[in-house]
Each structure stands twice: as structure tokens, then as C-alpha cells.
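Taken in sequence, the protein lines are chains Y and D.
So in numbering that gives the first Met the number 0, spot 364 of the first sequence is number 363, and the numbers just go up one at a time.
So in numbering that gives the first Met the number 0, spot 184 of the second sequence is number 183, and the numbers just go up one at a time.
Be careful, since some hints might not be right.
What the hints assert, rightly or not - Below, computed lysine to aspartate or glutamate pairings styled on EDC-like, alpha-carbon distance capped at 16 Å:
#: 1; chain 1: Y; residue 1: Lys100; chain 2: Y; residue 2: Glu378
#: 2; chain 1: D; residue 1: Lys587; chain 2: D; residue 2: Glu644
#: 3; chain 1: Y; residue 1: Lys86; chain 2: D; residue 2: Asp243
#: 4; chain 1: D; residue 1: Lys245; chain 2: Y; residue 2: Asp453
Said to hold, decoys possible - Pairwise CB distance ranges (calculated):
#: 5; chain 1: D; residue 1: Arg444; chain 2: Y; residue 2: Arg209; range: 57 to 67 Å
#: 6; chain 1: D; residue 1: Pro384; chain 2: Y; residue 2: Gln350; range: 32 to 42 Å
#: 7; chain 1: Y; residue 1: Leu463; chain 2: D; residue 2: Ala525; range: 39 to 49 Å
#: 8; chain 1: D; residue 1: Lys587; chain 2: Y; residue 2: Leu463; range: 57 to 67 Å
#: 9; chain 1: D; residue 1: Asp299; chain 2: Y; residue 2: Thr210; range: 40 to 50 Å
#: 10; chain 1: Y; residue 1: Glu377; chain 2: D; residue 2: Glu366; range: 14 to 24 Å
Keep in mind the hints are simulated off the structure, nothing from the lab.
Glycine residues also receive a C-beta, built at the ideal position from the N, C-alpha and C atoms.
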Amino acid sequence: MNNFLETMRRRDFLTRASGGVGLAGLAGVLAADPFAAKAPHFAGKAKNLIFLYMEGAPSQIDLLDPKPALAKWHGEPLPPSMTKDFKFAFIKPNAKVLGCKRPFQKYGQGGAEFSDWISAWGPIADELCIVRSMHTDAFNHQPADLILFTGHMLPGRPTLGSWVLYGLGSESRDLPGFVVLSTGKNNMSQSAQWSSGFLPSSHQGVLFRRTGDPVLYLSNPKGVTAEEQGQDFGLVGELNRARLDKTGDREIASRIASYEMAARMQLSTPELLDLGKETAAAKAAYGLDQETTRAFGTNCLMARRLVERGVRVVMVTHSSWDQHTELEKDLKKNCDITAGPVAALIQDLKQRGMLDSTLVVWGGEFGRTPLGDFRNAEEAKAGRDHHANCFTMWAAGGGIRGGVTIGKTDDLGLHVTEDPVHVNDLQATILHCLGFDHTRLTYRHMGRDFRLTDVRGQVVRKMLA
Amino acid sequence: MGKLRLDNETVAARAAQRVAEMTGAAKMPPGGPLPAEELAVLRAWAAGTRPWSFAPISRAAVPAGRNAVDWFIEKSLATRGLRSSAEADRRTLGRRVYLDLIGLPPAPEEMAAFVNDPRPDAYERLVDSLLASPHYGEKFARHWLDLARYADSEGGVQDYGRPFAFRYRDWVIQAFNTDMPFDRFTVAQFAGEPVAVGFHRQTITSREGGVELDRIRFEQLLDRTSTVGTVWLGLTIGCAQCHDHKYDPISQRDFYSLMAFFENADELDLEPPQPAAYRAERDSLVGGYGIEESLQFWEDGMRDALANPGKRPLWDVTYDSYSKRVDHGRRTLLKKREARTAREQDALVDYFAQNSAGAIGKAKFDELKLKELSEKLKKLDERFPRREGVMTLEENGERRPAHVRIRGNWADKGAAVEAATPASLPAMPAGSRDRRALGEWLVSRENPLVARVTVNRLWQELFGRGLVRTSEDFGAQGERPTHPELLDWLAAEFRDTGWSMKRMVRLLVTSATYRQTSDAREDLTAADPLNTLLGRQSRLRLPAELIRDAALRVSGLLNQKIGGESIRPPQPDGVADLQYSMKWEETKGEEKYRRGLYIFLQRTAAYPLLMAFDVPDRTVSCSRRETSNTPLQPLNLMNDPVFVEAARALAARIEKEPEATRVDRAFALCYGRPPAGRERDAVLSHVAKRGWFGASRALLNTDEFVTRE
Chain Y
0 MNNFLETMRR
10 RDFLTRASGG
20 VGLAGLAGVL
30 AADPFAAKAP
40 HFAGKAKNLI
50 FLYMEGAPSQ
60 IDLLDPKPAL
70 AKWHGEPLPP
80 SMTKDFKFAF
90 IKPNAKVLGC
100 KRPFQKYGQG
110 GAEFSDWISA
120 WGPIADELCI
130 VRSMHTDAFN
140 HQPADLILFT
150 GHMLPGRPTL
160 GSWVLYGLGS
170 ESRDLPGFVV
180 LSTGKNNMSQ
190 SAQWSSGFLP
200 SSHQGVLFRR
210 TGDPVLYLSN
220 PKGVTAEEQG
230 QDFGLVGELN
240 RARLDKTGDR
250 EIASRIASYE
260 MAARMQLSTP
270 ELLDLGKETA
280 AAKAAYGLDQ
290 ETTRAFGTNC
300 LMARRLVERG
310 VRVVMVTHSS
320 WDQHTELEKD
330 LKKNCDITAG
340 PVAALIQDLK
350 QRGMLDSTLV
360 VWGGEFGRTP
370 LGDFRNAEEA
380 KAGRDHHANC
390 FTMWAAGGGI
400 RGGVTIGKTD
410 DLGLHVTEDP
420 VHVNDLQATI
430 LHCLGFDHTR
440 LTYRHMGRDF
450 RLTDVRGQVV
460 RKMLA
Chain D
0 MGKLRLDNET
10 VAARAAQRVA
20 EMTGAAKMPP
30 GGPLPAEELA
40 VLRAWAAGTR
50 PWSFAPISRA
60 AVPAGRNAVD
70 WFIEKSLATR
80 GLRSSAEADR
90 RTLGRRVYLD
100 LIGLPPAPEE
110 MAAFVNDPRP
120 DAYERLVDSL
130 LASPHYGEKF
140 ARHWLDLARY
150 ADSEGGVQDY
160 GRPFAFRYRD
170 WVIQAFNTDM
180 PFDRFTVAQF
190 AGEPVAVGFH
200 RQTITSREGG
210 VELDRIRFEQ
220 LLDRTSTVGT
230 VWLGLTIGCA
240 QCHDHKYDPI
250 SQRDFYSLMA
260 FFENADELDL
270 EPPQPAAYRA
280 ERDSLVGGYG
290 IEESLQFWED
300 GMRDALANPG
310 KRPLWDVTYD
320 SYSKRVDHGR
330 RTLLKKREAR
340 TAREQDALVD
350 YFAQNSAGAI
360 GKAKFDELKL
370 KELSEKLKKL
380 DERFPRREGV
390 MTLEENGERR
400 PAHVRIRGNW
410 ADKGAAVEAA
420 TPASLPAMPA
430 GSRDRRALGE
440 WLVSRENPLV
450 ARVTVNRLWQ
460 ELFGRGLVRT
470 SEDFGAQGER
480 PTHPELLDWL
490 AAEFRDTGWS
500 MKRMVRLLVT
510 SATYRQTSDA
520 REDLTAADPL
530 NTLLGRQSRL
540 RLPAELIRDA
550 ALRVSGLLNQ
560 KIGGESIRPP
570 QPDGVADLQY
580 SMKWEETKGE
590 EKYRRGLYIF
600 LQRTAAYPLL
610 MAFDVPDRTV
620 SCSRRETSNT
630 PLQPLNLMND
640 PVFVEAARAL
650 AARIEKEPEA
660 TRVDRAFALC
670 YGRPPAGRER
680 DAVLSHVAKR
690 GWFGASRALL
700 NTDEFVTRE
């Protein structure tokens with residue numbers, strides 16, 4: 000009781016101290032209780048964010064943005080006039096075109112177009128707002144990851160999830176507010192996707208690990224039972240309370256609160272991870288009964304369970320999409336791993352009435368070129384290079400208008416021709432759905448008010464419900 | 000200050016005035032009235048573009064016989080009707096000054112010696128002995144290494160290790176221990192012995208395929224330039240890479256002129272000649288694989304790709320990757336074989352043996368058994384580790400032409416610039432425009448910033464927050480000093496008495512202000528909740544490294560060896576997998592108990608304790624750490640095997656005592672004080688249930704243990 004009062008008193012004091020400064024005053028409050036939920040600028044439709052990050056850059060040409068015109072150019076270089084302004088990562092402007100072999104079909108009332116490899120998305124087509132006119136500034140993975148998640152190409156800034164946590168706080172008192180789940184190979188940017196940058200580190204994403212404890216040091220040490228652990232936590236609390244009484248330093252009340260939360264985390268995480276209460280049908284829908292889909296499907300299911308328990312942001316990363324070679328084989332493999340579980344997640348959220356308040360975003364850091372990467376002598380093993388000028392992403396759920404496809408690219412997939420959406424615009428839109436004016440969600444650092452969208456970003460109205 | 004800037008100011012003032020008038024109901028500017036905050040920015044701009052920190056340092060008089068710190072602090076408290084707090088008790092003070100000066104809690108015997116020292120200057124004597132301790136350098140190096148963004152790996156996708164980066168870290172420790180005057184310390188890092196210049200080699204790099212080498216170099220120069228701004232000038236000049244600084248008188252031209260000092264510097268790893276035994280073994284090993292013909296074919300292919308990009312995609316990619324992964328790879332490739340150094344040739348052959356399968360064909364790669372060769376080369380390298388090198392910069396003689404980059408875009412060159420210091424600061428003397436001249440200019444008497452910025456950081460280290468809280472930003476957007484006269488007095492004292500850091504530290508910690516109790520006081524809590532007036536001391540959570548040091552020290556496990564290669568303490572499986580290329584080869588034996596300062600700093604997969612307790616990621620310079628409070632911290636201290644081992648060792652240590660004195664011994668070790676009755680009861684009843692291991696775990700987890708009071 001004593002420590003609860005202390006914590007409340009402290010919070011009350013800080014609220015008064017920051018006297019109506021709003022988010023600008025947050026920096027001071029954070030030190031007090033990094034866990035408290037906070038109000039956004041206005042009532043956003045979404046309360047939670049799940050970002051399905053397909054790291055490495057899936058080929059939009061072979062999945063979501065059909066380009067039949069490429070067929071007649073297949074194996075030929077494009078006229079230099081069309082490619083002279085291009086910068087590619089590996090191929091040169093004289094590279095030959097790689098046609099697309101995929102058949103496409105329309106789905107849902109909105110007529111979303113999916114290639115055969117992602118036909119599993121048919122049933123969710125009308126939930127999605129597909130944006131074919133995405134573009135970004137960088138054509139290398141690391142800077143592109145950074146600009147997608149931090150709004151800027153150089154390292155050191157907070158990521159999307161950290162900004163959201165900073166703005167909204169967490170509703171969970173016994174789980175971290177920002178969780179990262181990952182599968183796949185060649186993950187390049189790593190913590191660039193979940194770092195808190197210059198925000199206090201309590202805003203950092205917590206990577207649930209694939210082996211051992213999902214959260215580092217979550218288990219009791221070897222030979223220490225749950226009861227003993229509880230007793231040891233108890234003595235820490237007693238000694239801390241004695242010190243609080245002696246010194247009167249209210250920081251000690253915060254320390255007591257974080258020890259209590261850690262103890263609760265140890266108790267509640269096993270329940271989170273125990274899928275025993277999920278129905279067989281749900282597990283099958285997420286692909287938990289299939290070797291191919293099990294790992295990614297488990298992460299998708301876990302994303303729903305985390306959001307259910309009040310976790311603010313979940314990143315689900317699959318990082319094997321960099322098909323410079325073996326496009327046919329490896330792109331299909333990635334689709335086989337991810338398409339079913341992604342559809343299951345959207346349907347599950349919908350069925351549980353959670354989709355309205357959960358914003359789901361799918362995509363990679365850039366797109367892939369219509370020109371082929373023919374480093375492999377066998378043409379059947381060709382792939383595509385990085386393409387910053389246009390790519391496709393989608394969003395669904397809280398605040399998003401489903402069943403539409405926005406933006407157009409030219410016949411060859413070289414440029415955006417209609418409704419360009421820069422990654423900073425996407426960020427502005429995501430924040431809007433969560434109740435924030437992206438120009439006002441700021442943090443003072445090194446003498447400047449920084450924001451996720453750097454100096455740009457406009458909310459994409461066409462994406463909104 | 001030229002006439003032009005004055006004119007600009009006049010123009011600015013008029014513009015602000017006009018906009019202010021227009022916000023009246025009668026004349027709206029297009030788009031509606033300007034928001035008040037934007038107007039305020041415009042007004043501030045107009046009010047004068049020189050921040051307070053650009054004014055010359057002025058030293059106010061202090062009455063004879065008074066400690067200057069106390070004089071100024073008490074004066075400002077008095078104006079608000081407040082007074083200082085009493086001196087902390089000796090035990091609190093002893094633990095405080097041990098933690099602040101050497102970063103280690105005192106042993107019970109050391110504490111007893113201090114507490115029982117009857118001499119009037121017992122405290123000053125203790126301070127002097129701690130300043131003379133070789134651990135003083137370790138404590139103060141930590142903060143400088145944050146500023147220098149020091150790490151043991153290079154960042155980026157591969158995040159390769161930098162096997163001899165630690166030489167720079169050790170140089171910093173020694174510089175603090177020998178109390179190298181700050182002006183010399185500065186110049187050394189610009190143009191002194193090669194290891195000191197390693198300061199500028201702590202930039203991150205990228206080896207990602209498809210990234211232009213010129214771009215990587217440009218980003219490193221950006222970082223070097225911004226870092227000089229943060230560390231010495233206390234200015235956020237990085238803002239000016241894209242546009243003139245909005246708030247401070249640093250133009251984009253200033254930024255690129257400063258950057259020009261680094262244009263003629265190439266990265267250089269200085270290494271002693273390879274041991275003859277290594278050379279002989281290596282030559283005979285490589286000679287046995289008959290790689291000559293394929294190596295030639297491979298080199299020719301890459302040279303052809305370099306000359307004819309786009310001709311053969313496979314070779315474009317092969318060259319691109321090689322040029323990123325092998326330092327100075329292009330230069331090596333274009334040199335004739337005879338002209339290459341042994342190390343250059345080795346680097347090329349190593350890369351060939353590891354990565355040429357795609358280019359020369361899998362069949363040939365297998366036929367030559369290159370995988371086997373590459374494994375053997377790796378084993379050989381492990382037997383002859385490269386610890387002796389030094390990372391530095393070499394002046395390549397010719398200065399590359401420097402340009403403003405439009406909107407910070409490296410490919411978009413604007414006006415040509417010469418190496419020069421910012422126009423709004425006192426000018427550099429005529430003469431040479433090299434890095435030495437830049438270093439000397441920084442610590443010149445006329446430069447008002449460096450002394451202020453540096454004493455402020457020492458203050459921050461000892462009081463938890465600087466007199467200027469934003470210790471990285473002394474510009475218009477940073478906070479104003481809480482005690483401007485004191486800051487100036489300290490800056491003048493520092494500069495005028497030979498830039499001795501130990502002397503300043505001694506001055507600060509012997510002040511009555513430093514020696515006050517940190518207990519909360521009701522009148523102060525109401526009047527000065529953040530304790531900016533220093534009516535008492537502050538309780539400060541220890542930095543990550545010192546939490547580990549304290550646990551190892553009180554449990555008797557700590558290995559106090561100073562300097563040397565970084566260590567990799569045990570960490571859970573999988574942590575290092577986050578990182579692309581390096582294995583976390585656990586350090587065994589005594590070495591693993593060395594201080595936290597020596598933990599291998601792997602940029603992309605930081606050691607969990609460091610991450611949980613706010614160690615910066617070393618991407619860019621960091622002038623002050625956050626102090627967060629998260630549930631991951633208790634999990635780390637309760638359950639990390641390192642801390643569990645410390646708790647066991649502490650329990651064993653306590654159990655050696657007679658039963659009656661165990662609780663006292665435990666508190667003496669952990670907190671340097673006897674327990675209160677309530678604490679004694681709590682611990683004893685816990686020991687009855689859990690034994691001393693359980694109690695020791697709890698003692699290492701209290702707020703007091705991780706706090707310097």
C-alpha cells in the first residue's frame with residue numbers, strides 16, 4: 000500500500016509539474032512511470048500496431064503489381080533514355096528485363112489483384128488497403144530499413160514502435176509495450192527496427208528470442224524455485240521501502256514498481272506462451288500444424304495474443320526476401336511460409352472484434368526492379384535488384400479503408416505515375432490512425448525537436464476509412 | 000563578426016516585426032496567422048543569433064578563502080531564501096567519493112580507515128589517494144569513451160570486430176591517469192601519436208553490397224565533423240549538414256569548411272611487420288594449393304568489371320562485394336602484385352579463398368579446395384592474433400576538394416570550400432590548415448566554448464547533471480546554465496591553471512556543495528524539485544558498468560587488471576546470433592571478472608546488461624546517458640548467471656564470519672554502513688528461510704546497491 004501511494008503521489012506531482020505542456024512535457028514524465036498509458040492528440044481508431052515486416056524487399060512485380068507489358072521486353076535491355084537516371088545497387092542500367100511468369104487474379108469486391116503465390120489472401124482482400132505507389136529514398140537495405148522505421152537514413156533515431164510507445168504508453172502492466180518476433184535469414188538491420196534511438200531506452204522494442212527464454216533472464220536461475228524467487232523479490236522490496244523511508248527519494252518508489260512488474264512478467268509470460276487454450280482450428284489456420292508455416296504462424300498467433308494482453312506494438316519480421324537470384328524458388332518459398340498465417344491473423348483479429356482497433360501494416364523496405372539480376376549464368380535462376388522508386392505495401396484494420404488499391408505505376412514498373420506515397424507519408428498515416436498529428440509527436444534532442452517523419456510526411460487521406 | 004552578419008540580423012529583426020504585425024486581425028499572412036511558437040522562433044532568431052556560450056569567459060571575483068563552488072551555490076540558494084544541507088555522514092561520503100572517483104565501492108577496511116581517521120583533512124587525504132589510484136582513469140575514461148563513440152566492432156551489417164580498437168581505450172585511461180592536460184589531450188587526438196588519433200576512427204562503417212564507397216566515406220566525415228561539434232564545441236553543428244543551422248550561427252558553409260579538415264585523411268591501420276614464423280607458415284600453406292592461375296583469372300575479371308561496368312553482371316557483383324569487404328581493396332587490386340604489401344596481398348587472398356566460388360565457378364572452387372584453405376588460414380590467424388595494431392588516420396598529402404553538399408546529399412555538390420573554422424567563433428590564426436591547427440584552435444585561449452563545455456561535463460559526472468543540463472548543446476536550443484557565473488569561474492580556472500582535469504575534480508569534490516547529504520528535504524522538494532540549485536546532493540543510479548563492478552567487487556570476484564583486450568563474459572545463447580559475422584567466444588578464467596569497461600562492445604548485438612542499463616549504442620557521440628528504469632533491469636540483476644555467481648560468492652564470503660556479525664559484514668560490504676534495526680530483522684528472517692544466498696541476491700538488487708548516494 001505504502002509504495003502504491005508513493006507511486007501515485009509521484010505521478011500526480013509530475014503531472015502538475017508538466018502542467019499542460021502535453022507531449023512536449025513527456026520527456027520529464029517518462030522518467031517517473033515509463034509504463035503508464037497516455038492519451039494521444041485525438042481519438043485514433045487504432046490502439047495497437049502490428050507491423051508485418053518482410054525484410055529484404057518482396058518483389059511487388061511478382062505478387063501485387065502485375066506488369067504484363069514486361070513479357071515483350073523479356074531478355075532485352077531497356078532504351079538508355081528510360082534508365083539513365085536510375086541508380087541500382089548491383090545491376091547496371093543496361094541490365095536485361097526479367098518478365099514475370101505469375102498469373103494474377105482479382106479478389107473481393109474491391110478487386111484486389113494477387114498472384115497465385117499469395118492467393119491465400121483472397122478471403123482478406125476486402126480488408127486491405129493496397130498501396131502500389133510507395134517510394135523511398137534509399138536503394139540499399141540498411142539505409143532503407145532506417146528510413147522506413149526511423150524516418151531518416153542515418154542511424155541513431157527512434158523507431159516507429161518506440162515513437163508509438165512514447166506517445167501512447169503501454170496498457171500492459173506485466174509485459175513490455177513493444178515486442179519484436181522474427182523468423183527468416185539474413186536479417187540485416189536488426190535493432191535498427193526496434194531501437195529507441197535517443198528516446199529513453201524503456202521505449203526500446205524487446206526481441207522475443209527464438210531459443211531459450213523469450214525475454215532475456217526471464218527464468219529463475221537454476222535451482223531457484225518460484226517460491227524462493229518470490230521470497231527474494233520480497234526482501235528486495237522490504238529493503239527498498241526502508242531506504243525510501245530513510246532518504247525520501249521518490250526514485251526508489253519507481254524502482255520498487257519496476258521490481259514488482261518484473262516479478263509479474265516472470266509469472267505471466269508462461270501463460271502468454273502457452274498455446275494450450277487455442278483451439279485446434281485456430282492453430283491449423285495459423286499453420287502451426289505444418290512444418291513450413293509453423294515458426295512464422297506461431298509469431299502471427301503470438302502477435303494477436305500480445306495485443307490482446309495490452310502490448311502496444313508488435314513487429315513480426317520475416318527476413319528472407321532479398322531475391323537477387325533464384326526468384327522463382329525463393330520468392331515462392333517465402334510466400335508459402337507467410338501468406339497463410341498473415342491471412343489467418345487478419346481473419347482472427349476480425350472475428351474477435353480486434354481488427355477495428357488494431358492497425359496492421361505489411362511490406363518491405365523497398366521494391367524490386369523490372370530489370371533482372373542475371374549474375375547467375377542460368378537464366379532460370381535470375382532475380383531482381385533493389386528498387387526504391389516504386390513498391391507495394393498494404394495496411395488493414397484500425398482507421399484504414401479496406402478493399403481499395405491506391406496508386407499506379409507505369410507499364411514497366413519503373414516509376415510511380417499516380418498518388419505517390421513516400422515512406423514518411425506512410426508513417427504520418429500510421430500515426431494518424433493511432434491518434435497523432437505526426438508533426439506534433441516530437442522529442443527534444445540535441446537542441447532540436449525530432450519527429451518520426453523528419454521534415455516531411457503527409458497523411459494519405461485515401462487510405463483512411 | 001563581419002558587417003554582413005549584422006546586416007542579416009537587421010533584416011531578420013525587421014522580418015519578425017513584420018510577421019508579428021501581420022498576425023493582427025487586419026492582415027493575415029496567407030494560410031492564417033503564424034502559430035505563437037513559430038513566431039517565437041522567429042523572434043528569438045531576430046533577437047540575435049549568438050548564443051550566450053559564444054561570449055568571452057568572464058571570471059567573477061570570489062572572496063578570499065572561500066571555495067568558489069560553495070560561494071556561488073550558496074549565493075543563488077540565498078536569493079531564494081534557501082540554504083545548503085548538512086554534510087553527509089562519513090560513510091555515505093566515503094562510498095560516494097569512492098564510486099565517483101574510481102568507480103568502485105570501498106572495502107569495509109578502507110571505509111573503516113576513513114571513518115576512524117581523526118585528522119582534520121582526512122577527507123582531502125582520501126580524495127588525493129583516490130585521484131592517484133590507477134582506477135581513477137578507468138572511471139573517467141568511461142565518459143570520454145561515450146563521447147568518442149568507442150566500440151570494439153565497426154557497426155553495419157557485418158559488424159566485424161576491430162581487433163585492436165582497445166588500444167585507443169587504453170590510451171584514454173592512461174591519459175586520465177597521468178592527468179594529461181586537456182589542451183594536450185585534445186591536440187593529441189587530432190594530430191598526436193597515432194593511437195590518440197584513433198578518436199576519429201571510431202566511426203561506424205558499412206560493407207553492405209551495392210553501397211557506394213564514396214558515400215560511406217562521406218558519412219564517416221559527417222560523423223567526424225558533427226562529433227567535433229558535440230564533444231568540443233558543445234554545438235549541434237550536425238544540423239548544418241543539410242541547411243544553415245536554424246538557431247545557432249553555424250552555416251552550412253561552416254559545416255563543410257570544418258569537414259574539409261578531414262578531407263585529406265585516409266583511414267590507416269598501423270601494424271608491426273608480420274612475425275617471420277607467420278609469414279613462413281602462410282607462404283608454405285598457400286603455396287601448397289596451386290591457386291595462382293585462378294587467382295589471376297579472378298583478379299582480371301574484377302579489373303575488367305571495374306573498367307567496363309555492366310558488361311558482365313557476375314563480375315560487377317564480385318567486384319562490388321570485394322571492394323566493400325576488403326579495406327582499400329580497390330587500391331590493392333589496381334596495384335601490381337610486386338607493389339602490394341604482404342598484408343594487402345594476404346587480405347586479397349583471404350577474400351578469394353572465402354568468397355570466389357560464384358566467380359570462378361563452384362567446380363573450380365572445390366577442385367582447388369579453397370574452403371579448406373580458407374579454414375586453415377583462419378586457424379593460422381587465430382594462432383597469431385593481430386593485437387598490436389593501431390587504428391589511426393594518415394594525411395595523404397593532397398587535400399581532396401571539399402564542397403558544400405546541397406541538402407546534405409553527398410552526390411549533390413555545391414560551392415567549393417576551404418578548411419576553416421566557423422565564422423562566428425574567434426578566428427584561427429593564419430598559417431597551416433591541418434588537423435593539428437584545428438585541435439590547437441579548439442583549446443586556444445580565445446575559444447569560449449571548450450573550457451565551458453569540458454568543466455560542465457566534469458560537473459555532470461560528479462553531480463549527475465551539468466550546470467548546463469544539455470551538456471551536448473550550448474547553443475540557443477540548449478538549456479541555459481543554472482549558475483552562469485560559477486560555470487565561467489570554473490572554465491576560467493580550468494583554462495588558466497593548465498587544463499588539469501584532476502585539479503578540477505579535486506576542486507569540485509572537496510567543496511561543501513559536493514559533500515552535502517542527498518537526503519530529500521521538504522522545503523527543497525517544494526522549491527526546487529529537480530535539485531538544480533544544489534541545496535543537497537543527488538542520489539544517482541550507477542552506470543551499467545559500475546553496477547557490474549560493484550557486484551563483482553563486494554563478492555570478491557573482481558579482477559582489477561587495467562587495460563588490455565576486451566572480454567566477452569557469459570551471455571545467454573542466441574544473443575550474439577543477432578549479429579551477422581562474429582561469434583561470442585566466451586572469456587574464461589580470471590579474465591571474465593574484469594571491469595565492465597572492458598566488455599567487448601559489439602555494436603549490433605550489445606551485451607545485455609549494457610543495453611538494459613542505458614549504455615549508448617555508440618553509433619554517434621553521446622554526452623549524457625539516459626537513466627531509465629525498466630522491468631528488464633530487475634530481471635537482469637536477479638537472474639543473470641553473472642549476478643547469481645556474485646551472490647553465491649558474496650554468501651560464501653559472509654558465511655566465513657561468526658554468525659553474530661554476518662549481517663553487519665554484509666551491510667559493510669554492500670553499503671559501507673551498519674544495518675538499521677528494521678533491516679537487520681528483515682535480513683535475518685530471510686536468511687532463516689533462504690540462507691545467505693537468497694539474502695545476498697536481495698542485497699545486490701536493492702536501490703541502494705545500484706545508487707551512489
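What are the numbers of the hints the structure violates, in ascending order?
3, 6
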